[in-house]
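Chemist: Listed below are the residues making up each chain.
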Amino acid sequence: NAGVTQTPKFRILKIGQSMTLQCTQDMNHNYMYWYRQDPGMGLKLIYYSVGAGITDKGEVPNGYNVSRSTTEDFPLRLELAAPSQTSVYFCASSYDGTQYFGPGTRLLVL
Amino acid sequence: DQQVKQNSPSLSVQEGRISILNCDYTNSMFDYFLWYKKYPAEGPTFLISISSIKDKNEDGRFTVFLNKSAKHLSLHIVPSQPGDSAVYFCAASAVDSSNTGKLIFGQGTTLQVKP
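As they're listed, the protein sequences go chains A and B.
Residue numbers 1 to 110, in my numbering, belong to the letters of the first sequence in order.
Residue numbers 1001 to 1115, in my numbering, belong to the letters of the second sequence in order.
Keep in mind the hints are simulated off the structure, nothing from the lab.
Hints should not be assumed to be uniformly reliable.
What the hints assert, rightly or not - List of simulated lysine to aspartate or glutamate pairs, DMTMM-like, C-alpha gap at most 20 Å:
| # | chain 1 | residue 1 | chain 2 | residue 2 |
| --- | --- | --- | --- | --- |
| 1 | B | 1037 | A | 79 |
| 2 | A | 44 | B | 1015 |
| 3 | A | 44 | B | 1084 |
| 4 | B | 1005 | A | 96 |
| 5 | A | 57 | B | 1001 |
| 6 | B | 1005 | B | 1031 |
| 7 | B | 1005 | A | 38 |
| 8 | A | 57 | B | 1096 |
| 9 | B | 1037 | A | 38 |
| 10 | A | 44 | B | 1042 |
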């Protein structure tokens, strides 16, 4: 049981490039979330999903997109990377209100 | 509009003593509170939680206290150990009609336990 896994661990992007951050969970959780954490700040919710085929915006969704075609996977897409998207991204899943996090993806946009 | 606040960015305590981390919230609809611990280059890990129908929850060395009238919760670690050195986040959620389970996080408090 791997829990929540995220790939890649680290990525450098040039301004304007696009990429997909992968998130997979093997706990059969319905709820999944994407957060970003900036230095000295808490986690800010980007997007969330309450089940396959259902997604909704969180607190800071601009510049991102998500999809949820299966229960296990919840990829986060950056279409036109900007320096303001330099951050650490965490994916989480839940079934009872307690969220379980992946190890994070560190993204640097230059 | 910071609905969950951890006003102390850092805390330093001696090994064996008590660590008390504090968290304040503004939204009276919050009914479930959690503490997470985060080591560098890792994801947050769940530590302990409390429902609004309780005022205390204990798990080994960790106890969370909830004061609903003051909209305040605290995490007590007794005794503190060097391995407890990490960033601690409090988080809160409110029951909503969509049952989304969304959490609102505080900014975090860095705890350093000195040997």
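Chemist: Determine for every hint whether it applies to the structure shown.
Modeler: Hints, one by one, checked against the model:
1. A C-alpha spacing of about 32 Å is found between residue 1037 (chain B) and residue 79 (chain A), which places the hinted pair above 20 Å, so the restraint is violated.
2. A threshold of 20 Å between alpha carbons decides the hint, and for residue 44 (chain A) with residue 1015 (chain B) the separation of about 32 Å lies outside it, so the pair is violated.
3. For the hint pairing residue 44 (chain A) with residue 1084 (chain B), the CA-to-CA distance comes to about 24 Å; that exceeds 20 Å, so the pair is violated.
4. For the hint linking residue 1005 (chain B) to residue 96 (chain A), the alpha-carbon distance of about 24 Å lies beyond 20 Å, and the restraint is violated.
5. The hinted pair formed by residue 57 (chain A) and residue 1001 (chain B) meets the criterion: a straight-line CA distance of about 18 Å does not exceed 20 Å.
6. Among the hinted pairs, residue 1005 (chain B) with residue 1031 (chain B) is consistent with the structure: their alpha-carbon atoms are about 16 Å apart, no more than 20 Å.
7. Only pairs whose Cα atoms come within 20 Å are accepted, and residue 1005 (chain B) paired with residue 38 (chain A) is accepted, the gap being roughly 16 Å.
8. For a cut-off of 20 Å, the pair hint linking residue 57 (chain A) to residue 1096 (chain B) stands: about 15 Å separates their Cα positions.
9. Restraint check for residue 1037 (chain B) and residue 38 (chain A): satisfied, since their Cα atoms lie roughly 16 Å apart, inside the 20 Å limit.
10. Distance restraint check for residue 44 (chain A) and residue 1042 (chain B): the Cα-Cα separation of roughly 17 Å lies within the 20 Å cut-off, and the hinted pair is therefore satisfied.
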